[in-house]
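Protein sequences, first through last, are from chains A and B.
Its first residue numbered 1, the first sequence is counted upward by one per residue in the UniProt record's numbering.
Its first residue numbered 1, the second sequence is counted upward by one per residue in the UniProt record's numbering.
It should be emphasised that the hints constitute simulated quantities derived from the structure, not laboratory data.
One thing to keep in mind: the hints can contain errors.
Part of the chain B face toward chain A, derived, beta carbon under 8 angstroms [to be verified]:
1) Asp125
2) Ile139
3) Ser142
4) Lys172
5) Arg191
6) Val195
7) Gly219
Think of the CB as a built atom: it goes at the ideal place given N, C-alpha and C, for glycine as much as any other residue.
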Amino acid sequence: MDFLFIIQQSLSSAIGVNTIIFALAAIGLNMHFGYTGLLNFGQAGFLAVGAYTTAVLVVSFDFSLWAALGMSVLASVLFALLLGVPTLRLRADYLAIVTIAAAEIVRQIARSATFNDTLGGSDGITGKFGKAYFDLNPFTEGLETPILRFSPNDLWVVITGWLLVAAVLGFMWLIVNSPWGRVLKAIREDEEAVRSIGKNVYLYKMQSLILGGVIGSFGGAVYALSRQSVQPDNYSTFLTFFAYTVLILGGAARVFSPVIGSIIFWFLLVFVEQVLRQAVEQNYIPDWLINANQVSQVRFMLVGLGLMLLMVFRPQGIFGDKKELALDARA
Amino acid sequence: MHAPNSTYAAEAKKALVALDPRPGVDKPDPIIVAEGIKRTFGGLTAVDVTKMQVQRHSITALIGPNGAGKTTLFNLLTGFDRAQSGSWTFNGNEISKTPPHKIARQGMVRTFQLTKSLYRLTVMDNMRLAATAQRGESIFLSPLRFVWGSQEKEITERAESLLERFKLIDKKDDFAAALSGGQRKLLEMARALMVNPEIVMLDEPMAGVNPALKQSLLGHIRSLRDDGMTVLFVEHDMDMVRDISDWVVVMAQGQIVAEGEPHEVMKDQAVIDAYLGAHHDMTLETEDR
Numbered sequence: 001m002d003f004l005f006i007i008q009q010s011l012s013s014a015i016g017v018n019t020i021i022f023a024l025a026a027i028g029l030n031m032h033f034g035y036t037g038l039l040n041f042g043q044a045g046f047l048a049v050g051a052y053t054t055a056v057l058v059v060s061f062d063f064s065l066w067a068a069l070g071m072s073v074l075a076s077v078l079f080a081l082l083l084g085v086p087t088l089r090l091r092a093d094y095l096a097i098v099t100i101a102a103a104e105i106v107r108q109i110a111r112s113a114t115f116n117d118t119l120g121g122s123d124g125i126t127g128k129f130g131k132a133y134f135d136l137n138p139f140t141e142g143l144e145t146p147i148l149r150f151s152p153n154d155l156w157v158v159i160t161g162w163l164l165v166a167a168v169l170g171f172m173w174l175i176v177n178s179p180w181g182r183v184l185k186a187i188r189e190d191e192e193a194v195r196s197i198g199k200n201v202y203l204y205k206m207q208s209l210i211l212g213g214v215i216g217s218f219g220g221a222v223y224a225l226s227r228q229s230v231q232p233d234n235y236s237t238f239l240t241f242f243a244y245t246v247l248i249l250g251g252a253a254r255v256f257s258p259v260i261g262s263i264i265f266w267f268l269l270v271f272v273e274q275v276l277r278q279a280v281e282q283n284y285i286p287d288w289l290i291n292a293n294q295v296s297q298v299r300f301m302l303v304g305l306g307l308m309l310l311m312v313f314r315p316q317g318i319f320g321d322k323k324e325l326a327l328d329a330r331a
Numbered sequence: 001m002h003a004p005n006s007t008y009a010a011e012a013k014k015a016l017v018a019l020d021p022r023p024g025v026d027k028p029d030p031i032i033v034a035e036g037i038k039r040t041f042g043g044l045t046a047v048d049v050t051k052m053q054v055q056r057h058s059i060t061a062l063i064g065p066n067g068a069g070k071t072t073l074f075n076l077l078t079g080f081d082r083a084q085s086g087s088w089t090f091n092g093n094e095i096s097k098t099p100p101h102k103i104a105r106q107g108m109v110r111t112f113q114l115t116k117s118l119y120r121l122t123v124m125d126n127m128r129l130a131a132t133a134q135r136g137e138s139i140f141l142s143p144l145r146f147v148w149g150s151q152e153k154e155i156t157e158r159a160e161s162l163l164e165r166f167k168l169i170d171k172k173d174d175f176a177a178a179l180s181g182g183q184r185k186l187l188e189m190a191r192a193l194m195v196n197p198e199i200v201m202l203d204e205p206m207a208g209v210n211p212a213l214k215q216s217l218l219g220h221i222r223s224l225r226d227d228g229m230t231v232l233f234v235e236h237d238m239d240m241v242r243d244i245s246d247w248v249v250v251m252a253q254g255q256i257v258a259e260g261e262p263h264e265v266m267k268d269q270a271v272i273d274a275y276l277g278a279h280h281d282m283t284l285e286t287e288d289r
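Modelling step: build the complete structure from the supplied sequences, incorporating the hints.
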């Protein structure tokens with residue numbers, strides 16, 4: 001087995017583009033679920049809004065990329081308002097139902113034949129809409145080391161992407177450790193109690209939904225830019241549940257945990273895939289058990305099994321505090 | 001502990017003793033004035049109060065058998081539930097359509113029958129949270145610690161002195177979930193005081209509290225009035241009602257059936273009927289329908 005290759009692929013994935021995208025999606029979810037207790041099952045919708053607004057405005061409406069990125073923030077704010085206005089006054093379950101449906105509606109609209117001309121139907125949009133961004137790329141050669149390997153474009157996306165993640169985390173750290181963040185955590189514990197001492201719970205929940213949604217839409221913009229394409233089926237519910245996995249793996253309601261969770265998740269996923277692939281190719285694993293075509297499915301089974309074991313033996317996630325989790329039993 | 005015969009206590013007693021003890025009687029200096037409150041759940045009339053006033057600076061008890069509508073009335077007054085009809089004012093301001101957080105900000109703060117401590121917040125954060133008009137609670141100012149840092153310090157000092165008074169200061173860095181049931185009651189009361197309320201509405205403050213702590217809770221409730229607050233509380237513990245209240249309002253089947261001083265009202269036939277059920281259908285039929 002070529003262990004160096006396995007390590008190189010796994011580490012490049014661990015700090016790669018997917019890790020950045022899912023870290024941003026999970027940071028947004030952490031705002032919603034970890035700090036405010038909002039059950040948003042439609043984070044994929046926010047990523048889709050961010051990705052599509054960026055791509056569509058450039059390709060179909062001749063916006064500059066930077067204006068389109070600005071508009072994608074605005075669009076995700078509007079999407080959050082659309083979701084929040086009818087549901088945030090109701091019990092938490094309603095938000096969960098509405099968000100999961102709304103994210104699917106966004107995806108179905110994007111892939112519908114009716115808007116084929118602007119949104120590209122089920123093929124999505126492919127084009128050089130990220131040109132203005134890649135023109136700024138100072139790297140003419142990629143990174144080629146025994147443990148890390150990136151193409152020039154990927155290297156640029158990875159560096160700018162991590163700067164974005166760092167900026168978002170810094171901002172998150174400041175606001176969740178402020179009186180504003182304290183109100184959010186209190187809402188997560190008991191809304192009625194927070195109302196009884198004079199806080200406008202609805203307003204705070206809305207702010208949290210918007211902010212977490214905008215952070216998610218950054219992830220969508222990175223998704224679109226890094227691939228220079230958007231495809232509707234990349235934004236289906238699996239994306240939301242991966243983001244939840246990443247968040248819970250790291251430990252909810254910790255500022256840095258989504259990033260660590262995302263790194264571990266993408267490291268494991270690629271590591272298991274590469275090990276299996278080589279084991280199958282070199283007949284360490286017999287063909288009747290797993291063949292080469294099944295590897296990419298089996299890796300999810302194995303990673304999923306690992307995550308289940310993690311939940312059994314370390315339910316608070318990597319960074320969570322077990323004592324704090326136990327308090328949730330509402331003693 | 002404060003002496004029970006402070007000026008506020010004496011004034012409240014003096015003002016109330018002159019009153020004619022009948023349901024809905026006008027008070028000389030009412031802080032809450034309610035009229036025609038009606039709340040039905042389907043076919044069940046939970047609250048149907050024609051008139052109710054609460055005297056400022058008094059400790060008023062709201063008693064009645066289970067299902068009398070006491071907690072529902074509490075929920076209505078504090079905006080946590082919506083009445084079908086009726087209007088009520090707090091300090092002369094109409095608040096029957098006001099959302100609960102605005103009512104709290106005006107100075108009417110309630111606690112809950114089942115204590116609502118914010119479990120995964122520390123005791124100190126529970127307290128700090130309740131301070132009003134915090135600059136750092138604005139999403140736009142929250143990242144700027146230099147804007148709200150000094151205010152946070154003042155709030156922390158105020159919280160510390162309250163925690164000291166309620167003997168919770170040693171627990172200030174513990175999660176609220178780590179407190180005992182009685183300590184949570186104390187915390188909830190202390191937290192309510194962080195809002196700087198004019199009236200504190202306590203929903204069964206003694207439920208699930210051990211006898212030793214009961215005495216200290218009684219002292220704390222008295223001290224609220226002595227500090228100039230009005231207290232309205234729901235309670236089943238008759239000893240406590242007799243012990244600390246200046247005035248007692250008795251509810252049965254959603255209506256106020258009697259009012260008066262604690263020792264007098266217990267002798268009232270309507271109250272005895274309401275509790276013991278003697279001719280209880282007949283009494284209500286003839287009196288109120």
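Now the hints, each set against the structure:
A distance limit of 8 angstroms between C-beta atoms decides the matter here; for Asp125/B the minimum to chain A is near 6 angstroms, and the interface restraint holds. Against a cut-off of 8 angstroms between C-beta atoms, the interface hint on Ile139/B holds, since the closest Cβ of chain A lies about 5 angstroms away. Given hint, Ser142/B at the interface with chain A, holds; its Cβ is 4 angstroms from that chain's nearest Cβ, closer than 8 angstroms. A cut of 8 angstroms between beta carbons decides the hint on Lys172/B: the least distance to chain A is about 15 angstroms, and the hint is violated.
Hint status for Arg191/B relative to chain A: holds, with the closest Cβ pair at about 7 angstroms, below 8 angstroms. Below 8 angstroms, beta-carbon pairs count as interface contacts, and Val195/B has one with chain A at about 5 angstroms; its hint therefore holds. Violation of the interface hint for Gly219/B is found here, the shortest Cβ-Cβ separation to chain A being roughly 23 angstroms, above the 8 angstroms cut-off.
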